[in-house]
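Student: This is what each chain is made of:
2 protein chains.
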Amino acid sequence: MGATGLDPLIRLLARLPGLGPRSARRLALHLATRREEVLEPLVRALQETARGIRRCGLCGNLDTADPCAVCGDERRDRGMICVVADVAGLWALERAAAHRGTYHVLGGVLSALDGIGPEDLAIERLLRRVAEDRVGEVILALPSTVDGQTTAHYLAERLAGRDVTVSGLARGVPVGGDLDYLDDGTLNAALSDRRPM
Amino acid sequence: MGATGLDPLIRLLARLPGLGPRSARRLALHLATRREEVLEPLVRALQETARGIRRCGLCGNLDTADPCAVCGDERRDRGMICVVADVAGLWALERAAAHRGTYHVLGGVLSALDGIGPEDLAIERLLRRVAEDRVGEVILALPSTVDGQTTAHYLAERLAGRDVTVSGLARGVPVGGDLDYLDDGTLNAALSDRRPM
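Chain order of the listed sequences is P and A. Residue 1 is where the first sequence starts when you use my numbering, and the numbers rise one by one after that. Residue 1001 is where the second sequence starts when you use my numbering, and the numbers rise one by one after that.
Please note that a few of the clues may not be correct.
[To be verified] Simulated coverage check for chain P against chain A, where a stretch passes if three residues somewhere in it have a Cβ under 8 Å from a Cβ of chain A:
id, stretch
1, 14-25
2, 28-39
3, 87-96
4, 157-171
5, 182-191
[Claimed, not checked] Under 7 Å between C-beta atoms, here's a sample of chain P residues computed to sit facing chain A:
id, residue
6, Pro8
7, Leu9
8, Ile53
9, Gly117
Calculated from the structure, these hints are not laboratory results. In this text, a Cβ means the ideal position worked out from N, Cα and C, and glycines have one as well.
Chain P with its partners taken away, still in its complex shape (with noise of 0.2 Å):
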């Protein structure tokens, strides 16, 4: 009863990720009485993102462009591939501006408990790039599971006898980090990594 209108629009937004009823309502109120300032701009975002998107042929990322920002930068190195999970990988590590060369999204990671094979991942086209293109380097950076690293392991392995070197992201005390609040698997990780100084 009451907001009869708003309610197909309430139940979508509430099953968004990071949304739940109570937000949905409030989002749904904010969205209906700013029509001009937000919920039109609003729609012809998502309307651009609808037409607009697609997957980078190359690397799998998600962009209005294809080949993608990434790929289709003169400056980035094509010899040094960074392979991701999921995109959300791949925009954490560009925030960071911390990878110079290209990336490869996996879409996922090797999973049997969710029945998830080599066969589901872009693992054959990377492999295709890493011999057409020459690449010198692949960085895997994979989530720090026991699926992640069970991929890193297989993509090692894949990997294993081409001319490439292949690495992993560090594992580590985060920077920042308190000893005190970290779990046991980064500390034994950090100890047994451990450097020169």
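With chain P's structure known, arrange chain A on it following the hints.
Tutor: Same frame as chain P, but now just chain A:
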């Protein structure tokens, strides 16, 4: 760098209530990777809202119908108006199914600080409804803030002398509320408004 194509959408999303840069990025990725299942239905629902939503000419509620679902419902008691500051308050009372009469949305509360005077709120329209619809009771369901209570007193004064009962929401301990967690103002109100058992 990197996610150029989605940046305009992310910037808009990050300005919505309850979202920040991080959740906006997550949401944009969710939408961009689920075009048909999530993005396009959302665009349609937002367009429907932009096209269809209007203010009820009677009470000020937001709905696709005018009069709104509440005012258009024959079973609601037109002789009993619950005055709320905004549509969010109306929806909260409707969710609780707490009120069997109709509503009146003021569009805010009086505020010297924000320069909101009686002429900025739907007060004249309320007085007209009270006179024309032979309203027996006006319930002031305004926020328990200084401005909200100032507005309630102002409305009570404007309605004095008319043949209408003016009441306010009871103040006290919330249902399920533990005294130890309540603020001093609520405890004082609960004590001074104590009732015989």
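Student: Run every hint past the structure and note whether it holds.
Tutor: Verification of the hints:
1. Counting residues of the stretch 14-25 of chain P whose CB lies closer than 8 Å to any CB of chain A gives 7, which reaches the minimum of 3, so the coverage claim holds.
2. Counting residues of the stretch 28-39 of chain P whose CB falls under 8 Å from any CB of chain A gives 9; the rule of at least 3 is met.
3. Counting residues of the stretch 87-96 of chain P whose C-beta sits closer than 8 Å to any C-beta of chain A gives 6, which meets the bar of three, so the coverage hint holds.
4. Interface restraint, the stretch 157-171 of chain P with chain A: violated (0 residues with C-beta to C-beta distance below 8 Å; minimum three).
5. With 0 residues having a beta carbon nearer than 8 Å to a beta carbon of chain A, the stretch 182-191 of chain P misses the requirement of three or more and the stated coverage is violated.
6. Evaluation of the Pro8 (chain P) hint against chain A yields a held restraint, the C-beta minimum of about 5 Å falling below 7 Å.
7. The beta carbon of Leu9 (chain P) is positioned within 7 Å of a beta carbon in chain A (closest approach about 4 Å), and the interface hint is therefore held.
8. Residue-level restraint check for Ile53 (chain P) holds (minimum Cβ-Cβ distance to chain A is 5 Å; threshold 7 Å).
9. For Gly117 (chain P), the shortest C-beta to C-beta distance to chain A is roughly 20 Å, which exceeds 7 Å, and the interface hint is violated.
Hints 4, 5 and 9 from the list above are not met by this structure, while the remaining hints are.
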